[in-house]
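Chain order of the listed sequences is A and B.
Counted from 1, the first sequence has number 95 at position 95 by the working numbering; the numbering is strictly sequential.
Counted from 1, the second sequence has number 1075 at position 75 by the working numbering; the numbering is strictly sequential.
Just so you know, the hints here were simulated from the structure itself, not pulled from any lab data.
All figures in this text were calculated on a predicted structure; none of them were measured in a lab.
Heads up, some of the hints might be wrong.
Calculated pairs, DSS-like style, for lysine-lysine (alpha carbon to alpha carbon, straight line, at most 30 Å) [stated by the list, open to error]:
1. A/Lys379 to B/Lys1012
2. B/Lys1165 to B/Lys1207
3. A/Lys235 to A/Lys148
4. B/Lys1138 to A/Lys8
5. B/Lys1012 to A/Lys374
6. B/Lys1026 to A/Lys379
7. A/Lys228 to A/Lys51
Facing chain A, from chain B, some residues (calculated, C-beta under 8 Å) [what the hints assert, rightly or not]:
8. Asn1053
9. Ala1082
10. Arg1085
11. Ser1086
12. Phe1091
13. Tyr1102
Each residue gets a CB set at the ideal place from its N, CA and C atoms; glycine is no exception.
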Amino acid sequence: MIFKLALKNILGAGLRTWLNIFILSLSYFVIIALQGFFVGWQEDASREMKKWDIAGGQYWQEDYDPYDPFTLEEGHAVIPDELKKLISNEEALAILISPATIYPKGRMRNIVLKGIAPEQNLVELPTTYLENQDEEINCILGSSFAEKLSVSIDDYIVLRWRDKNGAYDARDIRIAHIFSTTVLTVENNQIWISLPIMQEMLGYLDQATIITVKDENYHQEITGWEYKNLDFLLKDLNNMIKAKTIGSSMMYVLMLFLAVLAIFDTQILSIFRRRKEMGTMMAMGMTRVKIIQLFTLEGVLHAILAILVGAVYGIPLLRYFKKVGMQIGANAKDWGLSGVTDALYPIYGWKLVVGTIIFVLITVIIVSYLPTRKIANLKPTDALRGKMTKKDE
Amino acid sequence: MKENFIEIKHVKKEYPMGTNKFVALKDIDLNFSEGEFTGIVGPSGSGKTTLLNIIGSLDSQSEGEVIVLGYEVADLSSSKSARMRSENIGFIFQTYNLLPVYTVFENVEFPLLLLRINKNERIKLVTEALKWVGLLDKIKSRPSQISGGECQRVAIARAIVKKPKLVLADEPTANLDADNSHNILKTMKKINEETGTTFIFATHDAKVIKYLKRKITLLDGSVAKDELVNGG
Ligand SMILES: Nc1ncnc2c1ncn2[C@@H]1O[C@H](COP(=O)(O)OP(=O)(O)OP(=O)(O)O)[C@@H](O)[C@H]1O
Ligand SMILES: [Mg+2]
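Hey, can you work out the whole structure from these sequences and the hints?
Right, dumping it as structure tokens:
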């Protein structure tokens, strides 16, 4: 009975109700759409990072600490035999890392020099450009970094490094290629050269800092090397995305606030506008509990109708977003959207959708119940003193 | 006729007025029997509505005893008094108080829903009640689509549909013109005579007086006169 009455009340209440329902449906929609983009971004960014940088996981030489540039000179050791086998099978990839200095256009800049096998095809880095002709040392670097340095292909820059004996040496290296990537961890402040050349330059024959392995499930204990799994390696990225998500979630907190305000407003207004209606129901013998149920249910029905209304325009729109993605392209890096290729494709999981619906429903139940309880506790005579809604006059 | 249908003993009603108290009813003593058609008259502010609300258990007295249909009204919990109203009392208001989103039929049906009466029975009772007030042709209209007189007739139908023992009507004719007022009073009188339902009005409408069987005059919260009229 209560359900039928509530439905009748809502459907009979006209434009204002539908406006509230629409606003509420918008909050479902915005939450799901935004979250979908963030989940999509996260997937996209993780995938790109695996493709370009971390593959299935990494072994770090135990002294290597990317957050402490002073240890960078110590973090290298002879590649262990187990991993050498993987490398020759193209199942792993050795990278040597060392601090160095470059002098592009006469300015000085400290960078991270990375050595990688030119013939590798484990990661997307276009390392074939590192194959050296003649006596030249070829290098590659990311386009954003190249822009920062204002260098272009075929430019020569002076590279200065310190070898294993602490002796400084310098050479002109040639920029053989500038690659474009969304993965900041292979681009920021880094220059890539051929691994054998770098080993020779530094005197670290056969040595490496990081061994990237292809297989996610390969992790053996190797003394002197620490295995870092994908969870660890993606942690920074995920944290960054989470921070952005929280930042942007301000927007849907606002949306939800608006929607809740609309419901709350309807319910609060009920105290004044529909007081007499409730007084009349009390006079006719409706109990407080029933009245609370009726008016709370009305609020909840708003939320349920909003799901239906939201589905009508939301599902096609969300589908559309999923199909075309959000074109970000060149701006991605400006926005700090690491790992996003030209377009961002949202992903909507059922957890996201169900979670959002439950979240909005609970919020609505609370804001519906609280004011209603207040109304129902009025004395019938006080409630009856209120005005009847316009329609009745 | 059953005596002690309603007993009011030494009833006093005070309303808080800032730091003071305003006394709306002072020491009222009244008895009503079943089947009465009684008007409570008196100038504005004399306490008519207050008395009616106390009888209807919408409000409670400050002092004294009110026994309605054997229930000591002040002792009832809010849900018990709701049930008492639902089963025994119909209300008619000056401002009709129809539920705006419901049709005429649904408005009259509402008290029956509260009583959990089944659908067939409901249709029968609602039709019967609307026949009493002559509104069978407006069943699907909404309150906003019918006249004030018609609204009040719907309200009467709603009050009598559950065949209550008691109908309380607060100024039922105050918003109606003379024709409609007479029409409505005739209807209520007819119901009273044919079903034995007890009617108690609060009114200061002179037109009402000639229909009454008993007239109670309130003045400043006290019973000034209690008389049988029109051969009642
Ligand atoms: N909730 C209240 N708080 C304070 N005073 C009240 C309250 N309700 C009624 N009164 C006062 O009690 C007195 C009696 O009120 P009541 O409504 O019973 O009068 P009435 O005889 O019905 O008048 P009317 O003919 O204008 O309807 C009035 O002076 C009124 O101002
Ligand atoms: Mg009054």
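- Starting from the hint list further up, note which numbers the structure goes against and sort them upward. none
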